[in-house]
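*Asks:* Given chain A's structure and the hints, the job is docking chain B onto it.
If you read the protein sequences in the order shown, they are chains A and B.
Anchor point for the first sequence: position 49 equals 49 in the UniProt record's numbering, and the numbering is continuous, going up by one each time.
Anchor point for the second sequence: position 3 equals 3 in the UniProt record's numbering, and the numbering is continuous, going up by one each time.
Hints listed in this document are in silico derivations from the structure and should not be mistaken for laboratory results.
Predicted model, so just to flag it, every value in this text is computed and none were measured.
Just so you know, even glycine gets a beta-carbon here, dropped at the ideal spot from N, CA and C.
Counterexamples of contact, computed for chain B against chain A with all Cβ distances above 10 angstroms:
(1) 28
(2) 40
(3) 56
(4) 75
(5) 134
(6) 184
Label-pair ranges, simulated between beta-carbon atoms:
(7) 83(B) with 105(A): 22 to 30 angstroms
(8) 213(A) with 211(B): 42 to 50 angstroms
(9) 105(A) with 130(B): 40 to 48 angstroms
(10) 216(B) with 163(A): 17 to 25 angstroms
(11) 213(A) with 79(B): 41 to 49 angstroms
(12) 204(A) with 211(B): 24 to 32 angstroms
(13) 169(A) with 120(B): 52 to 60 angstroms
(14) 172(B) with 240(A): 41 to 49 angstroms
(15) 268(A) with 216(B): 33 to 41 angstroms
(16) 89(B) with 212(A): 51 to 59 angstroms
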Amino acid sequence: MTPNVKRPRRKLVARPVTFSPFARSAAHLASAYMIKRQMIENKLHESCQHTPNGKCCGQRNIDETDSDSDEESSEGVVQADFAFFDPKPDDFHGVKTLVQTFLDNEEWNLSGFVDLILEQTTVGTVVKLEDEDDDGLFSVVTALNLGRYKASDIYMQLALELVPLLIRRLFCRSYCDSLNRDDVVNSMGSWLWQDHKCMKELEEYILSVCHESNLVEQLRLLFSKRARDVGLLVSQRVVNLPPQLLPPLYDALFDEVSWAVEDEPTEELRNSFRFKTYLIVTKIYKHKKANGKLEKKADNEEEPVIYVKAEDELFHELSSWSFSFPLKIQHVTSSEASIYLLIFNNILCPRTLPSFSFFTLIFLFGTLRANTKAPVTVPSAVSYNVNLLVSAEELRINGVGYGSRSRQNPHIPTAVALSDRR
Amino acid sequence: MATRLQFENNCEVGVFSKLTNAYCLVAIGGSESFYSIFETELADVIPVVKTSIGGTRIIGRLCAGNKNGLLLPHNTTDQELQHLRNSLPDSVVVQRIEERLSALGNVIACNDHVALAHTDLDRETEELIADVLGVEVFRQTIAGNILVGSYCALSNRGGLVHPHTSIEDLDELSTLLQIPLVAGTVNRGSEVIAAGMTVNDWTAFCGSDTTATELSVIESVFKLREAQPSAIVDEMRKSLIDSYV
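This is chain A alone, in the form it adopts within the complex:
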């Protein structure tokens, strides 16, 4: 038995050994604490350079200008510089954590979905800290073309059934053990059909939770015939991400979509970014009594719906149609939110009472033709209890009109006339 040597206790760096994504993000913010750079809000736009190939986008400082006393820890204020990057395969774990509850607690091919997001480097952004070594991901935004991941025709479908059988038959005679055989099948499958499996599961889930019959038909159309024109907008972030980052983030996304229409190498790829419709799956809080009689209360400020992400409120207003359904995940709430049915609780901010039910909102944001040069930016967000004030100058929607409306099928939500909002 080795003698029990008292090892000199190594000075442990405060490294939280937790598995919670919130704790990880908090730890990363704390580690970036020492970075101090003063940037004025105006500089944000100037420093925003969107290049088609590279990325050096908005840098945002969390800066409490009123706490000018000491720049050290003033009530937990942390200085951080965020930067936008293209998705890389290394970002797998961060993106997977953010997308974990995309489809409620449904078991689906989440890893495949994350791989799809990471593959698409031309359209899509991840938000990380400026320091390149840092792996903490704070947000991911991307738009995936639904039609691209489909097994389009009957012959393809047949091939998808037959090829694995053939491969199994070939390989069971070889020296490979069962492990390798399965993996060969899987890796071939991954470029044949496993990419698609997650999209198929996603579509089936959405169809299964939609309880409004007229919308189910529209959804079916979108997923089958019109899939090539539909973009799934995936936007997930940590709950405390500074809202000043949002306008450049969405700017970047829509800019990239329009650049992709011109710059992609093949005709097929170029066309795949000409989205006519965006589909957004997001989570909201819905008031418990929203459907029933509302009692007259002295304090009449209860909103029927709370949007976790500020831009969702605007997307909801602009959307062609939407529906909501309850979530099954149990979340934890604080007592202030007790009057609200918990529609969604971000896992990173767990505070709910278990008796709530949840809703996910899926809405279609009828959008602009992708071959327009006009950038779409998110209109100004309304502050709601959490000081999400974004200045109006930073956010505008350009009024865009499209001739497409008359030419296209009137059932498809086409161009939405948007106007400047102040």
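*Replies:* The following block gives chain B in isolation, referenced to the frame of chain A:
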């Protein structure tokens, strides 16, 4: 054979299950498929027991055990303790211990002969480990991490440790444990080995993100390819096995 699975879209299988040569513990909740995969693999050989510990599902990280015994933290409820005592074979000693570091799965890594312990573990706990589990206890760190239970997975035939373990550390640990060790990852680069997988002498369960390379490393170091449950015999410990790098 190594199997890939997930618990409710989560690939950290070692958090929600505990596998030894004599029994298997599985967390409650999650879909039935999680439980049934264990059942299919282990059916008649060892009992698969559904349980919670302290009302939580993270049972793999809260308890430590081998074929001789099972150690439970102080927050295990009496019902859970009784349930485990009833469901596990009589040869397994189930003991609840008072220890400040209550995530026993994170502070203790053990197989049937030897255990690694957190450097700050109480003396009494160390003695209890030696008694209940019937092992020799060594206070060690792995790649500078004191949570030895999280960063390595051990069986009687091999071990997988944190990827940043130096060669000297690997040699030292391998000599202590008398089994071949390999530094590697699980679940597509995750360093927290014991959270991503759980293993015994003839089978292993890994998260579904585990790549084929990682899986083949696991199968080779734990010698799972030719293993059969009936062939598990208490072998004489070979002297000084070289470590695999």
